[in-house]
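Q: Sequence:
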Amino acid sequence: MSLHDLFREVMAIYEQDKQEKLSKERRTFQLVTRAIPEALKALPFLPPDRYMVKGSVGQGNWTDVPWVAVMDQEVTDSTQRGYYIVCLFSEDMRRLYLTLAQGVTETPKDEMERVKRGIRQLIPAGERVRTDDDIRLGESKRAKDYERSVAAYIAYSFDDLPSDEQLARDLETMIDYYRQYVERTEPMTPPEQAFSYREAVEHIHSYISAKGFYYTKEEVANLFLSLKTKPFVILSGISGTGKTKIVQWLAESVGATEDNGRFALIPVRPDWNDGSDLLGYVDIKGEFKPGPLTNVIIEAENHPDKPYFVVLDEMNLARVEHYFSDVLSVMESRRWENGHITSSRVLPRERAGRDLFLPPNVYIIGTVNMDETTHPFSKKVLDRANTIEFNRVRLDHLDFLRDVPTATPQPVGQELFAARYLHLKDVYADYPKLVEDATKQLVDINRILEPLGAHIGYRVRDEICFYLAYNEEGKLMEWDKAFDYCLMQKMLPRLSGSDARLERALKELFVLCAGFEPDGDYSGALDVSYARYPKSAEKIWRMLRRLEDDGFTSFWLGA
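Residue numbers (my numbering): 1 to 559.
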C-alpha cells in the first residue's frame, strides 16, 4: 500500500479499533507499528544506518495520539528525549501532522524552548513548513504535551491527504531541516556549554572575579536576569566602578568579543541630536552610511544563534530621547510571529537599501554618570529599562592578586539570554501565583506613588513579572530578594523632587520595604538586615537624608 493509503486507513478505523482491547492483531496496530515504518524506511533519503523509524498506538492501552517517529540515532534513540521527525494523528483522526518535535518525558522546559527557537530560526517565512503554535491535536493532556513540543510542522486533513509523491517531498524537506539543525548544534555545542541559568551565573561571576572586579554573585544574577527580561539595561554609578567592564567581561565570558564582532563599545558624543548618529545617514551622493549600531544589527541578523552585546558608553552625555527614540520604539514593538520574535523596522528600505529590524539577539547596555555634564532621563526611557546602580567600591578586595584560578570563556548560544516572555499571559500560564502575588504588591506601591504621578503602568508590571519568572525558573534568588531588585531598578529611579508629597511617599515606601517608620534622624547608620526589601529601604533612607540636607532629592544623586 502507498503511504497515502496507509495514513488514510489509520485515520478511518482508529477510533473504531479503540473500542476494543489493545492487541497486536488489531489492524491499526499493524499499520502504525509495522506497515508505515517499513514504507518510510524504504525511502532513499532515510539511510537505515543513520535513521531509526518507530511507531506506537500505546502501551497496554490505546493512546489518544498515535505516532510514527523518524529519529537520527546521533541525536536520540527514544521518543522520550531529544528531537526528531514525528507524524502525529489528531485525537479525532481528522488531521495528520508531519512535525519536527521533541520528547516530552525527559526534556526540561527551558531546553525544549531553546531547541524550538533554534529549529524555527532555520526555516524561512513563507515556507510550506509552519513554525507557529497553531497545531491542534486534541484536548487530552498527552495531546497538549505533544503540541508544546512541536517546533515545525505541515498539516494535512483526512479529506485532503496529499499524494505519495507530495508526502515524500514534505518528509524530505523536514529531514533536511532536521539535518541542518543537527549539524549546527551537535558538533558546536558541547554539553558543558549548555548552561542552566544557575550554571551561567556561576561561570560569569567566576570569570569577572578572576579579572579583579568585585561583584557579588547576586549582582551578576541580577544583571543576567535584567538582560533576559529586556534587551536594554542602564548601569549607573560613580565613575570608575567598572560599569563598562562588567558588561565586557560578561560578554567575553560567553564568547562575545570585539575581535569576533559580538561585543561593541560605542562612545556617545554630546552633539548627538537624532538617530542618524547611531543608526546611520544618507550622504550627499545618496549612499547610506551605516552607523555603529547598524553594523552590529546586520552582523546579528546573519548569526541569529549567537548573542551580541552593545555598550553605549556615557549614554546620557547627549539627550537619550533624541538619538535613541527610534530604537526604544522598535524595542516596544517586539512580538511573536511564527514562533520567532520580530519587531517593526528600525530602518526602512528607502533609507538603508534594505529593511532592517532589531534582532532579538542584540543586547544594549547604557552606562551613565550623573553630573553637570550629563542629561537626566525621562520616564519614557526609565520605563523601558532596568536601572542597575553600582556605587559600592571595595578597594581592599585583592583576592584576584592571590590564588584565584583563571577562568576561561565558554561560548554559549543565544538561547541562554533569549526572551521567553513578551506578554503577561505567557508568564501567567507558567506561574499564575507569582503574577498574582507580584501584582498585589505593585498595587500597594502604586497607591503610594499615584499622588506624585509616578505610579507605574502595564509595561513595568509585565517586565517585573518576567524578571520574577526567570528568577523562579533558574532558582537564582529568593522571591523577596528578586522583588527588591525590581523595586530598586524599575520604580525608585522615577522619584525626584523637593515637596512634601514626595517626602510622604518616600516614608510610606520605606515602611513598606523596612517594616518600621523612619524616626526623622537620617544621619546615623541604618540596619536593614531584617527588612523585607533591604536594598530599596537603604536607598530610600539615603534619598530622605538628601531631602533633609538639601531640600531636594533624587534616585540619581549619591548620598
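Everything labelled a hint here was simulated from the structure, so no lab data went into it.
Be aware that one or more of the hints could be misleading.
Beta-carbon label-pair distances, calculated as ranges [unchecked claim]:
1. 298 to 530: 31 to 41 Å
2. 92 to 450: 46 to 56 Å
3. 158 to 113: 39 to 49 Å
4. 422 to 141: 39 to 49 Å
5. 551 to 349: 16 to 26 Å
6. 132 to 169: 37 to 47 Å
7. 298 to 113: 40 to 50 Å
8. 176 to 380: 22 to 32 Å
Straight-line C-alpha distance at most 30 Å; calculated BS3-like pairs for lysine-lysine [to be verified]:
9. 211 to 535
10. 217 to 475
11. 141 to 21
12. 245 to 285
13. 54 to 109
14. 24 to 109
15. 475 to 245
16. 18 to 54
17. 18 to 217
18. 109 to 141
All C-beta atoms, glycine included, are put in the ideal place defined by N, C-alpha and C.
Q: Against each hint, give a clear statement of whether it holds in the structure.
A: Checked hints:
1. 298 to 530: 31 to 41 Å: violated, 52 Å
2. 92 to 450: 46 to 56 Å: Cβ of residue 92 to Cβ of residue 450: about 51 Å, so the range 46 to 56 Å holds.
3. 158 to 113: 39 to 49 Å: violated, 31 Å
4. 422 to 141: 39 to 49 Å: Given range 39 to 49 Å: violated, Cβ gap about 26 Å.
5. 551 to 349: 16 to 26 Å: Given range 16 to 26 Å: violated, Cβ gap about 53 Å.
6. 132 to 169: 37 to 47 Å: violated, 21 Å
7. 298 to 113: 40 to 50 Å: violated, 26 Å
8. 176 to 380: 22 to 32 Å: violated, 46 Å
9. 211 to 535: At roughly 26 Å apart (the allowed maximum being 30 Å), residue 535 and residue 211 satisfy the hint.
10. 217 to 475: holds, 13 Å
11. 141 to 21: Judged against 30 Å, a Cα distance of about 21 Å means the pair holds.
12. 245 to 285: violated, 39 Å
13. 54 to 109: holds, 24 Å
14. 24 to 109: violated, 34 Å
15. 475 to 245: Distance ~26 Å between residue 475 and residue 245 Cα, so the pair holds.
16. 18 to 54: Holds, at about 20 Å.
17. 18 to 217: Given pair residue 18, residue 217 is violated - Cα atoms ~56 Å apart, limit 30 Å.
18. 109 to 141: holds, 16 Å
Of the numbered hints given earlier, the model fails hints 1, 3, 4, 5, 6, 7, 8, 12, 14 and 17; all others are met.
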